[in-house]
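Participant: Residue numbers (my numbering), protein chains in the order written: chain A, 1 to 219; chain B, 1 to 250.
Just so you know, these hints were derived from the structure itself, not from any lab. Each hint should be verified, as a subset may be incorrect.
[Unchecked claim] Cross-link-like lysine-lysine pairs, in silico, DSS-like; alpha carbons within 30 Å at most:
no.: 1; chain 1: A; residue 1: Lys118; chain 2: B; residue 2: Lys124
no.: 2; chain 1: B; residue 1: Lys132; chain 2: B; residue 2: Lys25
no.: 3; chain 1: B; residue 1: Lys166; chain 2: A; residue 2: Lys125
no.: 4; chain 1: B; residue 1: Lys117; chain 2: A; residue 2: Lys137
no.: 5; chain 1: B; residue 1: Lys18; chain 2: A; residue 2: Lys125
no.: 6; chain 1: B; residue 1: Lys119; chain 2: A; residue 2: Lys118
no.: 7; chain 1: B; residue 1: Lys113; chain 2: A; residue 2: Lys42
no.: 8; chain 1: B; residue 1: Lys25; chain 2: A; residue 2: Lys125
no.: 9; chain 1: B; residue 1: Lys124; chain 2: B; residue 2: Lys166
no.: 10; chain 1: A; residue 1: Lys118; chain 2: B; residue 2: Lys113
no.: 11; chain 1: B; residue 1: Lys194; chain 2: B; residue 2: Lys210
no.: 12; chain 1: A; residue 1: Lys44; chain 2: B; residue 2: Lys57
no.: 13; chain 1: A; residue 1: Lys118; chain 2: B; residue 2: Lys139
no.: 14; chain 1: A; residue 1: Lys125; chain 2: B; residue 2: Lys247
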Amino acid sequence: MLTTPQIMAMLQGTVLTIQLTVIGIIAGTILGIVLALGRISKSKLLNALTWFYVWVFRGTPLLMQLFIIVYAIPLFTLDILGNPVRLPLLVAAAVTYSLNSAAYLAEIFRAGIQSIDKGQMEASKALGMSYYQAMFKIIIPQAYRRLIPPVGNEIIMLLKDTSLVASIGLFELLRTVNQMSNATGRWFYYIYAAVVYLFLTSIVQLGFDKIEKRYSIYD
Amino acid sequence: MIKLENVYKSFGDLEVLKDINLEVKPGEVVCVIGPSGSGKSTMLRCLNQLERITSGKIYIDGELADQREMGKDLQDIPAEKAQELCTELGMVFQRFNLFPHLTVYENITIAPKIVKKIKEEDIKEVALDLLKLVGLEDKRDEYPSRLSGGQQQRVAIARALAMQPKIMLFDEPTSALDPELVGEVLEVMKKLAKDGMTMIVVTHEMGFAKEVGTRVIFMDEGRIVEEGDPNQIFENPQEDRTKTFLKKIL
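Next up, chain A with everything else stripped away, as it sits in the complex (with noise of 0.2 Å):
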């Protein structure tokens, strides 16, 4: 069975895609708000912008996207500045991570916010609230329940996306048990990556289960 290097080898690889999924859910979580008050903005500009953002980054595989943070922008910068810049590989993996699912998260923000009927943001208005006052007090927390099973969603989609960064040669779980596996001959150190990962989506299935019977109660 497993020794105890390889234990400790799986643990880190677990805690490596913990860490990139967490990351990339809360800074994918803030940029993802801004972007979708940006696209619902009376702004023709942010519109433009915040749509552009989306269409890229929903549109480009995100093994691509992470090529292009740790391979193309390192001879990028030498080409233009001479001088490569090239982030650590846990940090442009984070980036990517964030990056891609605040464009994931913005499209969910939009939907939930736009379903909100309408009579709520006059409401809100004939009361005083500010457009922004309206938008965080009254519209959001009412989109919260809506958004809890696209969210559910994008962040099991997120956890297993964090397999991709075996590609840039970080030892998150998939890669630990490749190698076990190359090393040894044998083909069950996948059972064990499989058995983790289900646990993980298990454990975000459930928070986000429990997350949902508690937003109903208003209803």
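Mind docking chain B on chain A? Use the hints.
Facilitator: Then chain B, alone, in the frame of chain A:
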């Protein structure tokens, strides 16, 4: 208190308000009646700037709140100033528009807290008094979805009153209610009128207009066709269109 001068409003090619002139004095209860699509609701919504007028002038409390010519802002009234003037108007909507994620109490206190920055302890008594006024003291911690339509509308009235408006606008406040729930909302509105609140009420409740209204305005096709004392409008309308309308609904 409120004055509209030569107000026009168009949505694209559709002209919904044509040359509206109206002045409402303190303590008046003006009931606006007319067929649907006649511009009654739009007129109310222009007053608190949920819709922007195309041209004309609107005065609130003697101050110019909006002035436009062919859709262009002439006066360049600062947004904060306009917003401040609009908070002197409380609005009650046909579909209540309570905030479903907040309790009754929170619905009433949220605007004073975040707009006027009034502290919890200073607003609490006001909110409880308002709940008493609308007869819902026992519902303070309920969510709107647990209330009947009539109760929701009474909360909506309390919510608007919490901002201490000088004028209350009612946009068909009983039209979305089951018939047996209309009375309780009208009772609250009567109480307000008796307390001297200035009100503009778009309504189909002719009984209310007759009993409480100090003036009735009949609108049709975006114009004020006729206005006058409720008795005169209902018993002895001058215009043909008013006669036809009243014959249909009475």
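Participant: Confirm or reject each hint.
Facilitator: Cross-check of the supplied hints:
1. A distance of roughly 29 Å separates the Cα atoms of Lys118/A and Lys124/B; the hinted pair therefore holds under the 30 Å criterion.
2. At most 30 Å may separate the alpha-carbon atoms for a hinted pair to count; Lys132/B and Lys25/B meet this at roughly 28 Å.
3. Between Lys166/B and Lys125/A the CA atoms are separated by roughly 17 Å; this keeps the pair inside 30 Å, and the hint holds.
4. A C-alpha spacing of about 14 Å is found between Lys117/B and Lys137/A, which places the hinted pair at or below 30 Å, so the restraint holds.
5. Our distance criterion of 30 Å between C-alpha atoms is met by Lys18/B and Lys125/A, whose separation comes to about 25 Å.
6. With a CA separation close to 29 Å, the supplied pair Lys119/B and Lys118/A stays within the 30 Å bound.
7. Simply put, Lys113/B and Lys42/A have alpha-carbon atoms about 27 Å apart, close enough for the 30 Å limit, and the pair holds.
8. Proximity of Lys25/B to Lys125/A is assessed by CA-CA distance (about 24 Å); at most 30 Å being required, the pair is judged to hold.
9. Note on Lys124/B and Lys166/B: the hinted pairing holds, with a Cα-Cα distance of about 20 Å set against a maximum of 30 Å.
10. Pair hint Lys118/A plus Lys113/B holds up; C-alpha atoms about 22 Å apart against a cutoff of 30 Å.
11. For the suggested pair Lys194/B and Lys210/B, the alpha carbons sit about 14 Å apart, so the restraint of at most 30 Å is met.
12. Simply put, Lys44/A and Lys57/B have alpha-carbon atoms about 29 Å apart, close enough for the 30 Å limit, and the pair holds.
13. The suggested pairing of Lys118/A with Lys139/B holds, with an alpha-carbon distance near 26 Å, which does not exceed 30 Å.
14. The hinted pair formed by Lys125/A and Lys247/B fails the criterion: a straight-line CA distance of about 38 Å is larger than 30 Å.
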